[in-house]
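Number of protein chains: 2
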Amino acid sequence: MQTVRESGDGHVGVTVGELRESGVLARILAQLGPARAASIGPGDDCAVLSSVGDVVVTTDTMIEGPDFRLAWHRGFDLGWKLAATNLSDVAAMGARPTALTVALACPKTTPVALLEEIARGIDAACRALAPGCGVVGGDLGQAPVLTAAVTALGDMEGRAPVTRAGAAPGDTVAYAGPLGLAGLGLALLFQHCSDEEGVAHAEGLPELRERHAAELAAQFAPAAPIGLGVVASEAGATAMMDVSDGLALDAARLARASGVALDLASDVLRGAFGSQQGVAVPLRAMLEGGEDHGLLATFPAGTELPAGFQVIGTVTELGSAAPAAGTAAPAAGTAAPAVGSLSVDGEPYAPGGWDPYNKLTTLGS
Amino acid sequence: MQTVRESGDGHVGVTVGELRESGVLARILAQLGPARAASIGPGDDCAVLSSVGDVVVTTDTMIEGPDFRLAWHRGFDLGWKLAATNLSDVAAMGARPTALTVALACPKTTPVALLEEIARGIDAACRALAPGCGVVGGDLGQAPVLTAAVTALGDMEGRAPVTRAGAAPGDTVAYAGPLGLAGLGLALLFQHCSDEEGVAHAEGLPELRERHAAELAAQFAPAAPIGLGVVASEAGATAMMDVSDGLALDAARLARASGVALDLASDVLRGAFGSQQGVAVPLRAMLEGGEDHGLLATFPAGTELPAGFQVIGTVTELGSAAPAAGTAAPAAGTAAPAVGSLSVDGEPYAPGGWDPYNKLTTLGS
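Here the protein sequences come in this chain order: A and B. All letters in the first sequence, in the order written, are residues 1 to 365 by UniProt numbering. All letters in the second sequence, in the order written, are residues 1 to 365 by UniProt numbering.
Chain A with its partners taken away, still in its complex shape (with noise of 0.2 Å):
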């Protein structure tokens, strides 16, 4: 016989093996709302929504192990990031997120209840963030660990979509959302609950989300600008993009994308995060440290940016190397910028690798 598992909540009793498929459904569906613009929900072979523009769709998958740990993650929080992270791929395009379908897979050991837990996160993040989006389908599986796999679909509404594409010499780069803080999260957790092999305990975890409360929460759920995509649409973005593997990587894809070159300026980025929910966040935490979902955006110079934005850069003609304001300009006979290349006060940034398969776990400060 296995051993019951347990989940960060501590959650027992009756097993997803125990109670039949269509019990396991029942409680789940019990914890979910609905979606607005669904005409038919879960239990059909598909759900049916209206969509006013045309259609955005994103997926997203988090697996026990490499994408989380149940010594660490409760279900709720599990839930949550599943949803917010799928919707702020949605917010990114400037869409109204309208629906989310999520696949779950577990062990037969797993507590119902956990899976009730994360469904219930998943509805709460929808609420919070998105109001009007819900689940509207699903799956049930067994697999070997828990394996969650989210897609999430927008409206565009009529607006065109902002792409990574668009940004253009000149541009103001912004940035909404917290920067840093949840990659300092996961730093905290591997270096405090986790031993010489990186295997997750929760000893100690109860006072690090005490101490840590901002970092922990930043990591475990976090709290994504997702209506802020529409608004940044709105005010004339002309590129975005969600950051969930660090501003560095993401900040040099978008401007790959857009065929420019970015140059963050270290004064206005640690004047407008270096001090976030009373930590101080250190500026390679916000340049390197992933899963925070905020929105990077460009702006057309002059343009007034949204309540949530600030200005972290400039967007920079290639073949003139461009310094931020205050930096001193580069040495001659350094190289003009390449496409896609990023610079921070105009020195050249190699942003840190990132691999699902070969995955960095520590964020050095």
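A portion of the hints provided could be inaccurate.
Restricting the straight-line Cα-Cα distance to at most 25 Å, the calculated cross-link-like pairs of lysine to any residue (SDA-like) are [claimed, not checked]:
id, chain 1, residue 1, chain 2, residue 2
1, B, 108, A, 187
2, A, 108, B, 196
3, B, 108, A, 144
4, A, 108, B, 195
5, B, 108, A, 195
6, A, 108, B, 145
7, A, 108, B, 198
8, A, 108, A, 140
9, B, 108, A, 196
10, B, 108, A, 66
11, B, 108, A, 352
12, A, 108, A, 14
13, A, 108, B, 66
14, B, 108, B, 25
15, A, 108, B, 352
16, B, 108, A, 14
17, A, 108, B, 71
18, A, 108, B, 199
19, B, 108, A, 201
Derived from the structure by calculation, the hints contain no laboratory data.
Fit chain B to the given chain A structure using the hints.
What follows is chain B alone, placed relative to chain A:
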């Protein structure tokens, strides 16, 4: 060091852990054709699709172990089945499939060639079964076993969705597609290519593929009649669903959703499906064998059924047992059919169960 995994294709070579994410992605994307409705495909935060009518969405996950075995399944077939099972749910609403998203997660030791084969199978199924539909986005991750989550979208194109809930007493019950072959294929695999503990092996598989080509093809790469979904809707189908868990169980679900009872006629089933592609298919396999992904639909009495659909029974009046033509009337004292009940030749039929956490692995004939 972990051993390099092999699929049924015997793929080895470079693994996903050796190639970085961008390299794996590039090789996968090279296998995929475009989706007609997509103005933005893979590469941005979301894909963007046009839709003439309401949007339908469904999701389904396949996980190595419970859902497939690499000893048996070729990458191409896995991809085909992933696409077919989801496209079939879209078809069952009377919608035209427009796009898939695909989230793949696997161990670092997985050969990139296996993921390429999966992508090739997905693309081939789209071209063959739902021309114009294609993969518009996805996600790559790490998992202890190969894990694939597919979401399919479709366009109602102005038609009303055909749900499971519209069947009315007197309607004709019809079915399109292979019936029972896929279940026979699975039973053969367990019988000949697994040890006494049910662990899959490939010994004898080439011979089995030769001797039982039809059953194995139906199991590995179902030829789901996707195009008939729109056709059935246009012909006036009152209810429709994809048959994935066995005709009897799914027919009972349709009956329950519609608030009616269904009676199937064994002589008609035997006549229409008793011999398929040269294979003798017993009634029990037709009723209980899953994974055929045919379409079960009801039509008003007297409807000229679209080519591909076969009459298999009748929607019966509640409170009046209505035996199929040619069978004896139920004995006096037989209870009237209850909502959601299924009968065969007027006799109550209790479908075998299906549960993702307690799967049936054999199919007695």
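Hints versus structure:
no. : hint             : in the structure
1   : 108/B with 187/A : 23 Å, holds
2   : 108/A with 196/B : 22 Å, holds
3   : 108/B with 144/A : 16 Å, holds
4   : 108/A with 195/B : 22 Å, holds
5   : 108/B with 195/A : 22 Å, holds
6   : 108/A with 145/B : 16 Å, holds
7   : 108/A with 198/B : 18 Å, holds
8   : 108/A with 140/A : 11 Å, holds
9   : 108/B with 196/A : 22 Å, holds
10  : 108/B with 66/A  : 11 Å, holds
11  : 108/B with 352/A : 20 Å, holds
12  : 108/A with 14/A  : 10 Å, holds
13  : 108/A with 66/B  : 11 Å, holds
14  : 108/B with 25/B  : 14 Å, holds
15  : 108/A with 352/B : 20 Å, holds
16  : 108/B with 14/A  : 34 Å, violated
17  : 108/A with 71/B  : 23 Å, holds
18  : 108/A with 199/B : 18 Å, holds
19  : 108/B with 201/A : 24 Å, holds
The structure fails hint 16 only (numbered hints given earlier).
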